[in-house]
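Order-wise, the sequence lines are chains A and B. Anchor point for the first sequence: position 115 equals 115 in the numbering used here, and the numbering is continuous, going up by one each time. Anchor point for the second sequence: position 51 equals 51 in the numbering used here, and the numbering is continuous, going up by one each time.
FYI, nobody ran anything at the bench for these hints, they're computed from the structure. Some clues are possibly wrong.
[As the list claims (entries may be wrong)] Computed list of lysine-lysine pairs in DSSO-like fashion (alpha-carbon distance at most 30 angstroms, straight line):
no., chain 1, residue 1, chain 2, residue 2
1, A, K151, A, K133
2, B, K102, B, K132
3, A, K151, A, K374
4, A, K133, B, K193
5, B, K133, B, K73
6, A, K140, A, K201
7, B, K102, A, K135
8, A, K140, B, K133
9, B, K133, A, K201
In this text the structure is predicted, and so the values were computed from the model without any measurement.
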Amino acid sequence: MTHPGLPEFWGMIVLGVMLVLSLLLVLNIKLPEIKTNKVKTSKVKNNYRIFILLVSAFKQNRWILMILKLITVTMFLLVIYAGLMGTPIPERNVATVMIWNIWWAGLIISIFFLGSAWCAICPWDTLASWHVKPKLWLLKLNNSLELTPPKWMRSVWPALIMFIGLTWLELGYGITTSPYATALLSLVMVLMAVSFMALYKNKAFCHYVCPVGRTIGFYSQLAPVEIRPLNQNTCDECKTLECFNGTDRVDACPTQLVMGRLTQNTYCTSCGNCVQSCPDNNVSWRLRAPSQEAIESARPHWDEAWFMLVLLTLTSFHGITMMEFWEEGLRGFAQVIGDSGQLLVSFTMGLILSMLIPVSLYALVVELTRRLSKQKVEFKKLFTSLVFVSLPLAFSYHLAHNLNHMIRESVGASQVFLNPLGTSVTYSGVADELLIKNSMLLSENTIFALQALLMIFGFWIAIKVLKRRSALLLSQTGLNVLPVLLFMLAVNGFHLWMLMQPMVMRIGALCVVPTAL
Amino acid sequence: MIENLMAYLINKKLKIILISWLLVFSTSAAAHHVLGRPAYSLNEDSNTPPSMQVETQIGDYFVTYMVYPAFPKPGERGRVNVYASRIDNGDSYNGEMSFSVKDDVMFGDENPEFLGKQNIDDGVYRQGFVFKKNGKYVITARFESGGEPYIIDFPLQVGESGTMMPVLIALAIIIFLLMTVNVLQRRRLMREKIISERAEESSEE
């Protein structure tokens with residue numbers, strides 16, 4: 001079964017806006033400004049009273065976080081139980097529905113509003129902490145060897161490899177269609193989280209290995225919330241660094257961040273330890289202009305640049321594999337190389353090719369920009385600085401794509417929760433398709449409008465990133481950055497085209513029709 | 001001596017590469033486990049209870065393989081339908097096809113059981129089955145063409161066959177890991193204590 005693509009009308013609007021924004025950049029005409037994040041606290045308090053109330057509630061009541069953790073852990077254990085013991089029909093089993101239809105799709109949408117909030121209630125980390133460093137009232141146990149992770153691990157390369165592996169399992173092996181395999185993957189992730197916590201100090205798994213955490217981290221550069229000092233001077237004068245070292249009552253920052261020097265959300269897990277431990281109450285969640293980090297404050301690093309680039313390629317690849325042409329192409333390719341069965345060799349080669357093409361194209365574009373530039377800038381420096389344009393392009397397409405999955409495929413999810421193991425139910429074909437169309441949370445036209453807006457938003461941010469970063473690095477914009485602009489147009493244009501195609505459903509409909517077998 | 005060692009290593013490396021290459025590229029004429037997204041789906045177009053369907057290619061043939069119903073219960077009659085056509089000209093295979101079944105186990109004896117030998121009937125090979133017990137099975141279809149054997153495996157779950165074994169294994173690993181870490185921690189603490197005591201003694205002297 002397929003979902004209808006974005007209508008031509010919306011496609012043309014997005015394309016038109018993309019071209020206008022590109023023209024504005026080339027002609028060096030001033031684009032609409034995004035407010036900086038240096039907003040006065042008092043102003044924030046007046047404007048975002050509900051947000052401030054929520055933040056205060058979280059700061060004063062740690063049990064709220066504990067309750068949220070308990071809920072996610074309970075749901076996670078239910079996923080494992082249902083996956084192992086429930087029906088193998090994916091759209092009837094809560095394991096596949098919850099992980100692939102609701103969580104995986106909804107997680108990306110949550111970043112748009114809450115940044116890395118998920119990491120604070122992540123069940124993998126919570127279960128690992130309960131096993132390795134349990135806290136029972138005043139008693140704190142530590143079953144960790146507290147080793148320093150080896151140097152090769154202290155980067156996002158392990159997370160990048162994990163992310164590629166997860167994509168292979170998801171789209172190649174077809175783990176999304178198997179509740180049993182989904183449960184096994186969940187168990188493996190917990191085992192990894194526990195092992196890393198038992199061996200290494202802090203939270204090495206979250207920091208370096210977790211593909212979900214790092215994806216959230218990079219996308220959080222575009223989020224409208226952040227944890228930052230309220231007064232920078234207080235942090236500058238601080239000698240004790242409770243945020244980094246922790247206190248008797250509150251743990252140290254799990255990813256070793258120093259609040260006074262924090263410029264990007266990439267490694268923040270929103271645990272709130274720094275908010276609790278600061279003796280001057282100088283750290284808090286606050287609202288900010290989205291994408292400020294990607295535009296200006298995030299610092300470029302070689303490994304992070306690769307992660308962002310691969311994030312873009314794999315996001316596109318997700319879309320490609322849900323196109324009807326992908327299956328035909330895969331079969332044709334398999335025939336040429338003599339692959340058969342599940343076509344895993346063909347899929348793997350397709351995956352590698354889908355990563356190589358955009359990466360090579362980007363490298364070529366960077367080299368061209370370097371040659372066009374009057375300033376002598378190293379290739380590596382330009383590569384790592386301009387790669388931030390890929391973040392909004394990936395994020396906006398990811399959001400638009402997942403919005404489709406989430407709204408259309410979560411119809412009837414409540415019924416799956418009423419019968420999580422999916423016993424005595426079966427597929428009902430045509431009836432499901434009709435129910436889906438009539439029971440969506442948002443109307444089809446609203447979904448289309450939101451998708452179009454997201455695509456425009458992503459491209460607009462990417463233009464702002466390019467303008468600012470190229471001005472900082474090359475002291476010039478306009479025609480000199482034309483290669484990167486063309487790359488952005490090609491990527492966003494391709495994403496838009498994919499959104500306009502019918503998309504194959506992830507695991508089918510969820511409307512449950514009991515049958516007497 | 002070193003030259004001999006190098007030659008041995010190169011020879012061994014070549015063997016490994018050759019074996020790996022054979023493993024990867026010889027699959028077109030060997031057994032195939034067909035499970036997962038690109039090839040396997042519930043048939044949506046039928047008004048009858050659902051069937052599990054596989055469309056795959058093996059060697060010179062494009063094979064469509066259907067199990068009806070998708071998830072049979074013990075004692076319930078089921079049927080396998082297989083249709084094989086040549087990739088190059090679309091001609092149907094029309095020789096004999098045999099079917100067998102075995103337990104889907106990762107290790108140990110698979111106990112294959114012969115189901116039957118079928119001739120083509122209206123372009124399709126049909127094989128009926130009834131399973132007495134819940135479990136995970138693999139149905140195998142075999143035929144020969146151009147002097148080469150074609151073997152297609154198809155996983156089939158009968159009834160509820162859940163197991164909590166993976167959870168028990170995960171728990172055992174976690175307990176083992178935490179116990180090992182605990183022992184290592186104690187040894188480290190003990191070592192540090194001895195070192196500090198010795199340091200104190202030497203400073204007193």
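Hint check results:
{"no.": "1", "hint": "A/K151 to A/K133", "verdict": "holds (24 angstroms)"}
{"no.": "2", "hint": "B/K102 to B/K132", "verdict": "holds (13 angstroms)"}
{"no.": "3", "hint": "A/K151 to A/K374", "verdict": "violated (37 angstroms)"}
{"no.": "4", "hint": "A/K133 to B/K193", "verdict": "holds (23 angstroms)"}
{"no.": "5", "hint": "B/K133 to B/K73", "verdict": "holds (8 angstroms)"}
{"no.": "6", "hint": "A/K140 to A/K201", "verdict": "holds (16 angstroms)"}
{"no.": "7", "hint": "B/K102 to A/K135", "verdict": "violated (49 angstroms)"}
{"no.": "8", "hint": "A/K140 to B/K133", "verdict": "violated (49 angstroms)"}
{"no.": "9", "hint": "B/K133 to A/K201", "verdict": "violated (49 angstroms)"}
Consistency with the previously given hints fails for numbers 3, 7, 8 and 9, ordered from lowest to highest.
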